[in-house]
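Chains X and E, in that order, are what the protein sequence lines are. In terms of our numbering, the first sequence has 1227 at position 47, counting the first letter as 1, and numbering is strictly consecutive. In terms of our numbering, the second sequence has 169 at position 165, counting the first letter as 1, and numbering is strictly consecutive.
For the record, the hints were derived by calculation from the structure and aren't laboratory data. Remember, it's a predicted structure, so these values are computed and weren't measured experimentally. Any given hint might turn out to be false.
[What the hints assert, rightly or not] Some, not all, of what chain E presents toward chain X, calculated at C-beta under 8 Å:
1. S9
2. K136
3. R187
4. Q188
5. F201
6. L202
7. Y222
8. T230
9. A241
10. H244
11. M248
[To be verified] Distance condition first, Cα-Cα at most 25 Å in a straight line; then the derived BS3-like pairs of lysine-lysine:
12. X:K1442 with E:K136
13. X:K1615 with X:K1539
14. X:K1214 with X:K1304
15. X:K1600 with X:K1618
16. X:K1487 with E:K99
17. E:K136 with X:K1694
[Stated by the list, open to error] Cβ pair distances, simulated, as ranges:
18. X:W1260 with E:G250: 54 to 60 Å
19. X:G1323 with E:V93: 42 to 48 Å
20. E:I14 with X:L1527: 47 to 53 Å
21. X:L1702 with E:R33: 55 to 61 Å
In this text, a Cβ means the ideal position worked out from N, Cα and C, and glycines have one as well.
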Amino acid sequence: MPGMGPAFFRGNPGPDDPPNRREDGALLFLRLVKATYKRLRMDGFFSRSDRAERALPGREAATREPFKEESLMQQKNSAWRTFYEALASVKLSVFLFLLLAVCSILGTLLPQGLSVEELQHRYKPSVVWWMETLSLHDLYHSGWFQILLVLLCVNLLVCSIQRFPKTLKLLQTRDDPVDPAKLLKFGSSFEITTRLPWREAQARLEGIIPGELAPLRLAPGKNGFAAVAEKGRWSPLMVYGVHFSVLLILSGALIGSFFGFKGMMNIPEGQLSDEVLLYQRRQSLLLPFQVRCDDFDVSLYDTGAPKEYRSDLVILDEGKEALRQTIRVNDPLTYRGVTFYQASYGLILKSADVELTDKETGKTYTLSLPYREMVRIPGTQDQIEAIQFQQNFSRFGPAVGIVLLREGQTEPMGSWILVKMPEFHGNRVQNYQVKITKTEEGYYTGLQVKQDPGVWIVYAGFILLLAGIGITFYTRHRKLWIWADAGGPESSPVRIVVAGRTNKNAVTFEEEFKHLCGRLQLELATGSGDEGTKR
Amino acid sequence: MINSSILLSITTFAYLFCAVFYLAGVVFRHNPLLRVGSLVGLGTLGIQTAGIVLRWVESYQIGYGHAPLSNLYESLVFAAWAIMLIYLVLEHRSKHRVLGIFPALFAFLAMAYASFSTQVDSRIQPLVPALKSNWLIAHVIACFLGYAGFAVATGISILYLVRKSRAANPHPRGILAALPEPRQLDELNYQMVLFGFLWLSIGIITGSVWANSAWGTYWSWDPKETWSLITWLVYAALLHARSMQGWRGRRVAWLSLLGFGCVLFTYFGVNFLLSGLHSYATK
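Work out the full structure, taking the sequences as your base and the hints as a guide.
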């Protein structure tokens, strides 16, 4: 995995990525957006009227009153109404979905998370100005992107509020008034007359419909009956579940960003810490307990590819050992709501053996310097400390940063000492020539630390989202209305009208309806003179 | 000795035959050819299933021991498998055999790319630490069922646009007559898109939960994540656009194609052009 060093899964565009390709991509992209916009405008996509919405069962387009400009009050009202209807339109939803998609694409074409210095290094000042003004270098966290998300939420909420009562009413109607003339105007309707005796016809009807769809709910009339049979009544409601779940997910994310934190902790083996460096505010946070890393280990496959990263952690609460756990990638530790993830690792200096030659006296001292600990040079008042370590210092190999506090000085002074080049004349701190004879290195473990009280709300949203889409996919609302007239004793035959409606998969429903009509005709229309008409 | 790579090589060519039979069945409007196409498709799916299972077993024999869903090669093989599985179920239910042209072609292309491209390494490799999780199987299966659903929907959309290209003629002759009614195609497209949308959602959510349990963030705007969200948004737009008048039909078919473009970019484009969390997928 090139470019996937110790920070083995945090991916920002690397410094090696050619910026030109990205710029060209962005340009091409902008052109595409412009062309699409022109096309959509020609198609009247942005026009105000929203009569386009289909009148589906449970989703009837709102009836609109014509504009009247009689008084200021009314004008105000109608302006508000127009605004509200715009917010409640499906057209706005589609537009926002596509706009969010387009903006997200922009964010993947431009490098994200760069500092201002890096931006200035890569782009012309004019480009940098645009990127900074529009926060294009941190697009997904920019104000305008979040306004789009809020707008989507408002659209979703208003849409649902406007339509939900209608859907509910549609589903609650248990005893629909059934009018044969209206039924025959349905897309799927069927009329049949039969000379069968009324009781026989009714019995057959009540035998067939439950087998085809669902049991009949009868409402006896004066002469005959009206009935309804339906299945999947909850299907049209699932859309609201899905909409609510999106709101849940976004509000969970909001709660997490307000009341949680996310940061890094680097702990050398054998040491403890309670300081978390936060990602966002570039400050640190002190945990109410301490974390100690007893051991860190990397194991490799025979191929040399990494197999496992592992840290043995101990939590110390008020000085006492509270928890001892080994963490791996994919296997974190949680203590008092704070979770620690194996995120990276690195090498750190444990101690360095040095040979010091005092240029003034010619004396030579041999010392062992534990990392970041002041050591007095024997026989003098000078103190020395190894305070920094780099594995590859300006391509000269490992180097140790050493500072010296001479007698009488208030500030220590130091420099980088190259380990692999002991004779280098710059290996010098004040009056001492320094030669590093041995370094002992150890690992530090890089932990990602986070607390997110909103995550359970997000998860609840996930479950609701999947349940909603799943049920929407696997169920549908189908409803049959049946009206039957028992006819007269001799003169007129039994007359039956059947009509059906569905909330989706109309073609499949038509097939089913045709099948039902076929069966009714076969089983009811026995004897001559009977006829069925399918519309 | 039969091994997984032999079985998967047979699969590659068999899908080509399958696609040719479907195409010939439509071009010559000869139903038996279409039936042969279905049978070849079903048989090949069986061989491929055996190949995938065998590869799983082999990875345990080598000592790596993981499900064959861990790199580009294995995901392409699984994509072809999922496309054919979903298509054959759809065919069984809808009884429209002519829909098989594109799924069979896509399955063949995926297998051919996996087998012949120099970019794709077909060896069984050990899992990197980041992938060692039970979420891997759920996440990959869900994503690819989604992608496969969208692939089948794309095939249907292409047929819809072809069928509608001579809109003035309600009773077309020739090849067009072999295709189902536009209304039926539109509805099948919608069903497949909704199926894909369900599985893509499951895929994104399992990935998100996995990321949270492994790295502590359920969403980090990594390019792969972002592109899967873009795909999700485009298909969400499609599902909503269907309820606007004038959008059902041709425009929904075009949106379906646009959505599949996003799927392809999420799958290939992100791997090769953008860097991020999913970089192991390029190997």
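Item to check | Violating hint indices (sorted, rising) | outcome: Of the numbered hints given earlier, those the structure breaks are 1, 16, 17, 18 and 21, listed in rising order.
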